[in-house]
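Protein chains: 2
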Amino acid sequence: MLNKQEVLAAFEFRHACKQFDSAKAISADDFQLILEAGRLSPSSFGFEPWRFVVIQNTALREKLKQTVWGAQNSLPTASHYLAILCRKDDMRFDSAYIDHFMREVQHLPEDSVERKRERYRIFQERDLKLLESPRALFDWACKQAYIALGNMMTTAALIGIDSCAIEGYDLATTEQILADAGVLDRDKFGLAVMAAFGYRINPQPPKTRQAAKDVIVWVE
Amino acid sequence: MLNKQEVLAAFEFRHACKQFDSAKAISADDFQLILEAGRLSPSSFGFEPWRFVVIQNTALREKLKQTVWGAQNSLPTASHYLAILCRKDDMRFDSAYIDHFMREVQHLPEDSVERKRERYRIFQERDLKLLESPRALFDWACKQAYIALGNMMTTAALIGIDSCAIEGYDLATTEQILADAGVLDRDKFGLAVMAAFGYRINPQPPKTRQAAKDVIVWVE
Numbered sequence: 001m002l003n004k005q006e007v008l009a010a011f012e013f014r015h016a017c018k019q020f021d022s023a024k025a026i027s028a029d030d031f032q033l034i035l036e037a038g039r040l041s042p043s044s045f046g047f048e049p050w051r052f053v054v055i056q057n058t059a060l061r062e063k064l065k066q067t068v069w070g071a072q073n074s075l076p077t078a079s080h081y082l083a084i085l086c087r088k089d090d091m092r093f094d095s096a097y098i099d100h101f102m103r104e105v106q107h108l109p110e111d112s113v114e115r116k117r118e119r120y121r122i123f124q125e126r127d128l129k130l131l132e133s134p135r136a137l138f139d140w141a142c143k144q145a146y147i148a149l150g151n152m153m154t155t156a157a158l159i160g161i162d163s164c165a166i167e168g169y170d171l172a173t174t175e176q177i178l179a180d181a182g183v184l185d186r187d188k189f190g191l192a193v194m195a196a197f198g199y200r201i202n203p204q205p206p207k208t209r210q211a212a213k214d215v216i217v218w219v220e
Numbered sequence: 001m002l003n004k005q006e007v008l009a010a011f012e013f014r015h016a017c018k019q020f021d022s023a024k025a026i027s028a029d030d031f032q033l034i035l036e037a038g039r040l041s042p043s044s045f046g047f048e049p050w051r052f053v054v055i056q057n058t059a060l061r062e063k064l065k066q067t068v069w070g071a072q073n074s075l076p077t078a079s080h081y082l083a084i085l086c087r088k089d090d091m092r093f094d095s096a097y098i099d100h101f102m103r104e105v106q107h108l109p110e111d112s113v114e115r116k117r118e119r120y121r122i123f124q125e126r127d128l129k130l131l132e133s134p135r136a137l138f139d140w141a142c143k144q145a146y147i148a149l150g151n152m153m154t155t156a157a158l159i160g161i162d163s164c165a166i167e168g169y170d171l172a173t174t175e176q177i178l179a180d181a182g183v184l185d186r187d188k189f190g191l192a193v194m195a196a197f198g199y200r201i202n203p204q205p206p207k208t209r210q211a212a213k214d215v216i217v218w219v220e
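Chains as they are written, first to last, in this note's numbering: chain B, 1 to 220; chain F, 1 to 220.
What the hints contain is simulated information worked out from the structure, not anything from laboratory work. Since this is a predicted model, take the numbers as computed values, not measurements. Errors might be hidden in some of the hints.
It does not matter which identical chain is used: a pair holds within one copy or between any two.
Within a straight-line C-alpha distance of at most 27 Å, the following computed DSSO-like cross-link-like pairs (lysine-lysine) qualify [said to hold, decoys possible]:
hint: 1; residue 1: Lys-129; residue 2: Lys-88
hint: 2; residue 1: Lys-188; residue 2: Lys-129
hint: 3; residue 1: Lys-207; residue 2: Lys-116
hint: 4; residue 1: Lys-116; residue 2: Lys-188
hint: 5; residue 1: Lys-116; residue 2: Lys-88
hint: 6; residue 1: Lys-116; residue 2: Lys-63
hint: 7; residue 1: Lys-207; residue 2: Lys-18
hint: 8; residue 1: Lys-65; residue 2: Lys-116
hint: 9; residue 1: Lys-188; residue 2: Lys-65
hint: 10; residue 1: Lys-207; residue 2: Lys-188
hint: 11; residue 1: Lys-88; residue 2: Lys-188
hint: 12; residue 1: Lys-63; residue 2: Lys-188
hint: 13; residue 1: Lys-63; residue 2: Lys-129
hint: 14; residue 1: Lys-65; residue 2: Lys-88
hint: 15; residue 1: Lys-65; residue 2: Lys-129
hint: 16; residue 1: Lys-213; residue 2: Lys-88
hint: 17; residue 1: Lys-65; residue 2: Lys-24
Kindly generate the complete structure, drawing on both the sequences and the hints.
Spelled out as structure tokens, the structure:
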């Protein structure tokens, strides 16, 4: 159990770090912890729709600069640059992938597989209407990736590492660049979000947030 | 800076806790930290689309049991039960809310307001095509809420508190219950996700996850 002040300090320390000190690399050990925070994150039904692509290749980072306007200063300077991909149709209740996942990853017995698939079908078809469009299904998968994203940035902050989430890109052309580089199979995956990690070079700007009274409601 | 083993231990400790010890309440101080983790979470453009509703009212929890199948055992036993709402049309680049937010929360000078609004317009209209449908815009706002969700569950785990994210509900009827209770203005907000917090009563089941080699790709 950790000291509450230290945990709060990490949330104050974290900010959208736009540019990093390119001379400072995150140690393999530290980045391993950040990746574990992503990998061990929870996801709906435990189906882990994500894939974490760590882009260290300079040529690929250079290409991404053409379409990722939100990372103009972080692509060249980040110690580690991450793209989180998510599965598309694989996440449907009736896919071979989900069947495989329940059996080979979650190790569910046969009757649990059938019960869970049926529950998942109703969840997707009726409860959240996720099969309304391919976009609705993919956006739902991406929501799970944002849990991992938050956990990775917070874990970084807890060990003194800066980060920035990046949504600032033209999605179609950025996915094409990743596909051309062989890291995105567009039939199966889409780009959920990106993030840069490293050590700040500039001072942290003041944090602005709505007051607690404007965002928290108690129903007692 | 925190000990890496302690941080990793929190990710191992966290699991989808379905039922809590109803005799154990989270202290006001501890839950305050969990709420701060949500409030201080990052969001796209810093626009904080969320609202955190803490549902302690027994009658409302009882009503929610009718539609939230994913919280049958946590609604009656959780120390704190959370619904995260997100804004809908308010998140459009041309809304009065975003104008207010840039001026009154982010304290941007006039020329920055105009530049940011234009950047945000292109981001919504062209880059991510968020204005394709009301659902696409709302789902994008909800993605930000999942960052806060992840941070709140991780913060809980860091201080020894259990949690469970909850998406298992019929969305339309659950929103209606929240609207009838006066905590959801359906014109402005939708339900993003729920979460329960408390102390476990049952042992933690074994965690299943895909192996690192199956979810992490390095491009070097």
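Each hint, compared with the structure:
1. Lys-129 <-> Lys-88: both (15 Å within a copy, 17 Å between copies)
2. Lys-188 <-> Lys-129: both (21 Å within a copy, 20 Å between copies)
3. Lys-207 <-> Lys-116: Cα proximity of Lys-207 and Lys-116: across copies only (17 Å, versus 43 Å in one copy).
4. Lys-116 <-> Lys-188: This pair counts as within: shortest intra-copy Cα distance 23 Å, inter-copy 34 Å.
5. Lys-116 <-> Lys-88: within (19 Å within a copy, 32 Å between copies)
6. Lys-116 <-> Lys-63: Cα proximity of Lys-116 and Lys-63: across copies only (25 Å, versus 42 Å in one copy).
7. Lys-207 <-> Lys-18: within (14 Å within a copy, 35 Å between copies)
8. Lys-65 <-> Lys-116: For Lys-65 and Lys-116, only the inter-copy Cα distance (20 Å) is at most 27 Å; the intra-copy one is 43 Å.
9. Lys-188 <-> Lys-65: This pair counts as within: shortest intra-copy Cα distance 24 Å, inter-copy 36 Å.
10. Lys-207 <-> Lys-188: between (38 Å within a copy, 26 Å between copies)
11. Lys-88 <-> Lys-188: within (6 Å within a copy, 29 Å between copies)
12. Lys-63 <-> Lys-188: within (22 Å within a copy, 40 Å between copies)
13. Lys-63 <-> Lys-129: For Lys-63 and Lys-129, the Cα distance is within 27 Å only across copies (22 Å; inside one copy 37 Å).
14. Lys-65 <-> Lys-88: Within one copy only: 25 Å inside a chain, 31 Å across chains, cut-off 27 Å.
15. Lys-65 <-> Lys-129: between (36 Å within a copy, 20 Å between copies)
16. Lys-213 <-> Lys-88: So Lys-213 and Lys-88 pass the 27 Å test across copies only (20 Å; inside, 38 Å).
17. Lys-65 <-> Lys-24: within (21 Å within a copy, 51 Å between copies)
Of the numbered hints listed earlier, not one is contradicted by the structure.
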